[in-house]
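A.B. asks: Required output: the full structure, derived from the provided sequences and hints.
Protein chains in written order, with numbering that gives the first Met the number 0: chain A, 0 to 343; chain B, 0 to 343.
The hints are simulated quantities; they were obtained by calculation from the structure and are not laboratory data.
Capping the alpha-carbon separation at 20 Å, the derived lysine to aspartate or glutamate pairs in DMTMM-like fashion look like this:
#, chain 1, residue 1, chain 2, residue 2
1, B, LYS108, A, ASP222
2, B, LYS307, B, GLU157
3, B, LYS16, B, ASP53
4, B, LYS307, B, ASP271
5, A, LYS252, B, ASP244
6, B, LYS108, A, GLU230
7, A, LYS108, B, GLU261
8, B, LYS147, A, GLU157
9, A, LYS307, A, GLU157
10, B, LYS252, A, ASP245
11, B, LYS108, A, ASP231
12, A, LYS108, B, GLU230
13, B, LYS252, A, ASP244
14, A, LYS108, B, ASP222
15, A, LYS252, A, GLU294
16, A, LYS108, A, GLU157
17, B, LYS108, B, GLU98
18, B, LYS147, B, GLU175
19, A, LYS147, B, GLU157
20, A, LYS108, B, ASP231
21, B, LYS334, B, ASP119
22, B, LYS108, A, GLU261
23, A, LYS16, A, ASP56
24, A, LYS252, B, ASP245
These numbers were taken from a predicted model, which means no experiment stands behind them.
2 protein chains.
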Amino acid sequence: MAQEFHALNERAQLLLKTLVERYIADGQPVGSRALSKYSGLDLSPASIRNVMADLEDMGFIASPHTSAGRIPTSRGYRFFVDTLLTVKPLDRIEINQLEGQLQVNNTQKLVASASHLLSDLTRFAGVVVTPRRSGGFRHIEFLRLTEKRILLILVTAEGDVQNRIIQTDKIYSPSELVEAANILNQNYAGCSFDEIRRRVHAELKQVQEHMSQLMAAALAAGDQAVSESAEDVVISGEINLLGIDDLSSNMTKLRDLFNLFEHRSTLLQLLDHSSRAQGVQIFIGGEAGLTPLDECSVVTAPYEVDGKIVGTVGVIGPTRMAYERVIPIVDITAKLLSSALTQR
Amino acid sequence: MAQEFHALNERAQLLLKTLVERYIADGQPVGSRALSKYSGLDLSPASIRNVMADLEDMGFIASPHTSAGRIPTSRGYRFFVDTLLTVKPLDRIEINQLEGQLQVNNTQKLVASASHLLSDLTRFAGVVVTPRRSGGFRHIEFLRLTEKRILLILVTAEGDVQNRIIQTDKIYSPSELVEAANILNQNYAGCSFDEIRRRVHAELKQVQEHMSQLMAAALAAGDQAVSESAEDVVISGEINLLGIDDLSSNMTKLRDLFNLFEHRSTLLQLLDHSSRAQGVQIFIGGEAGLTPLDECSVVTAPYEVDGKIVGTVGVIGPTRMAYERVIPIVDITAKLLSSALTQR
DNA sequence: ATTGGCGCTCACGCCCAAGGAGTGCTGGGC
DNA sequence: GCCCAGCACTCCTTGGGCGTGAGCGCCAAT
Numbered sequence: 000m001a002q003e004f005h006a007l008n009e010r011a012q013l014l015l016k017t018l019v020e021r022y023i024a025d026g027q028p029v030g031s032r033a034l035s036k037y038s039g040l041d042l043s044p045a046s047i048r049n050v051m052a053d054l055e056d057m058g059f060i061a062s063p064h065t066s067a068g069r070i071p072t073s074r075g076y077r078f079f080v081d082t083l084l085t086v087k088p089l090d091r092i093e094i095n096q097l098e099g100q101l102q103v104n105n106t107q108k109l110v111a112s113a114s115h116l117l118s119d120l121t122r123f124a125g126v127v128v129t130p131r132r133s134g135g136f137r138h139i140e141f142l143r144l145t146e147k148r149i150l151l152i153l154v155t156a157e158g159d160v161q162n163r164i165i166q167t168d169k170i171y172s173p174s175e176l177v178e179a180a181n182i183l184n185q186n187y188a189g190c191s192f193d194e195i196r197r198r199v200h201a202e203l204k205q206v207q208e209h210m211s212q213l214m215a216a217a218l219a220a221g222d223q224a225v226s227e228s229a230e231d232v233v234i235s236g237e238i239n240l241l242g243i244d245d246l247s248s249n250m251t252k253l254r255d256l257f258n259l260f261e262h263r264s265t266l267l268q269l270l271d272h273s274s275r276a277q278g279v280q281i282f283i284g285g286e287a288g289l290t291p292l293d294e295c296s297v298v299t300a301p302y303e304v305d306g307k308i309v310g311t312v313g314v315i316g317p318t319r320m321a322y323e324r325v326i327p328i329v330d331i332t333a334k335l336l337s338s339a340l341t342q343r
Numbered sequence: 000m001a002q003e004f005h006a007l008n009e010r011a012q013l014l015l016k017t018l019v020e021r022y023i024a025d026g027q028p029v030g031s032r033a034l035s036k037y038s039g040l041d042l043s044p045a046s047i048r049n050v051m052a053d054l055e056d057m058g059f060i061a062s063p064h065t066s067a068g069r070i071p072t073s074r075g076y077r078f079f080v081d082t083l084l085t086v087k088p089l090d091r092i093e094i095n096q097l098e099g100q101l102q103v104n105n106t107q108k109l110v111a112s113a114s115h116l117l118s119d120l121t122r123f124a125g126v127v128v129t130p131r132r133s134g135g136f137r138h139i140e141f142l143r144l145t146e147k148r149i150l151l152i153l154v155t156a157e158g159d160v161q162n163r164i165i166q167t168d169k170i171y172s173p174s175e176l177v178e179a180a181n182i183l184n185q186n187y188a189g190c191s192f193d194e195i196r197r198r199v200h201a202e203l204k205q206v207q208e209h210m211s212q213l214m215a216a217a218l219a220a221g222d223q224a225v226s227e228s229a230e231d232v233v234i235s236g237e238i239n240l241l242g243i244d245d246l247s248s249n250m251t252k253l254r255d256l257f258n259l260f261e262h263r264s265t266l267l268q269l270l271d272h273s274s275r276a277q278g279v280q281i282f283i284g285g286e287a288g289l290t291p292l293d294e295c296s297v298v299t300a301p302y303e304v305d306g307k308i309v310g311t312v313g314v315i316g317p318t319r320m321a322y323e324r325v326i327p328i329v330d331i332t333a334k335l336l337s338s339a340l341t342q343r
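C.D. replies: Structure (structure tokens):
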């Protein structure tokens, strides 16, 4: 019993690997007979049972009841993805196809289609955290709708457009609006709103009083527009999860899961976690600390703009998922999204 | 048997009414004993059974199996909502509360919150068809991102903002961009893109060749932006339907239903139907011709801007819903949305 | 026309038995 | 010391049988 000291000998690893693979493939608890057939090792079921008992003791597998086969525990999956899994990267042709799907000309749509891409390819739920904004702007424009309603159009540093209606006390003439916009555009483009606020205060005492009021409103609106849409989670293909019998057996669990999807902030927290590390990360079962995700895994990867991580893409599916397929898909999607966003 | 001639005598109507109400209230097939208790008529179960048999012959009710009570058929519901139902309008206080929820400052968000409102209040799925755009624009702006990438910002006649990146062959200077925008804004604001296209072609032969190319691109993009986001369906609270046991018993049906939700165009067609009539409309069960909606009802009402119908709000829920509550909610939401959109 | 009574039909819940899958253990062979 | 055939055991699953209760249709009496 020397090898029970944490480490798994080669045979145990191989058996664990094929067990997980079998289970992922057909969702049934795997018995000793099946393992003896598929492991490639020329061992009788009886011998295999011994190893399985060890694996169970160590918490890698468990049996739903006495006379069923074994299924992987979270720990089993964890070991599997960490050291047993062999991922086959996608080939060039597939990548090119994917690249074609991401040719879209504005950030929101790009993010949305990345999310769709993930859900379509994996048949699970795709998630994308929208890119963090730097908080500056590239261009500002005021447009008069009615006397006291002014449309603020704001092009962010990232090149997408925010808009917002400002209610004013005073009436501004079109030329005043143009002038205000010019001042902001010429002097402060690229700065953060905080910075602008300070500098406007300091430098522009001479500007007419009511003009600077307009600017204050603009800054507040800009601030809000930026912070409001700061980081959001775009989910698609939740419906796919309805088809997964692992999840849709427990109606209550399923509802909890979908409730989680509506709670963007919780999800955001989880996903943001991933944007601190490089490369693909995997949360298995309850590892994330969220009960509704008990029987789910989350596969994530950060994406970047100009070499800086700005968001996360990911897939949420059942713990019993084909990791060797999902992982490269998430990986590639993150990379494609990075390059699609960078080249603008 | 004279009254079997289509018409329902008063007693039959009253019994049908209480039967439907009972069934809506607790979801169990209603038997003759229950009806005799709750109808208010002083009749024995046996007499009531006779009437029920008539109602069944006429197709208003049916029994799931021999020894269960009766449940309303689609036809029964139809008769119920058409002539038996007594809706109680919401009181002022509630309306004011709702009005508070719809104070948002841009069309997309307004539509989204209307949809949320519907789903929150009814605990079913809320749908809103986004307002039809007239196809003109109020203001156009070109903004240079890189040499050959130009950001087109388009304020529609309705006052919301579209944006889109144009890839150009040639390089335009900032002043050229300003000039092009000016031409469009000064001469063509308010016209449809089709009209502009014709007039630009006719009137602007003298404009430099490469300038008019830019405009063509702008028009094409504008056209596309308008037509693309022309009409869309915003759905919220689909998750609520997971909790409805009428629907979530059949996993397959449920999946079909959610698939329908992803098929915006089909849904759009159904909802657009409603925007041809005034006031609240109801589709019960398969009446809409869509199989996934077999056990659903759709309650819709058109909303307007400046007196013209531009879209539809609605609720999708199980056939067995509290119509007397849902109908006024949909009605009011349509009216609130109308006024919120008109006052801008 | 209304009603009490009667027999009938099903769905539902329960129990029980048979069948099957898979385990753990043991004892013998290499 | 490792491997493995055999065996007893456990426990899920399936299906049949039975009692119960709800509700109906019909009928004869009022």
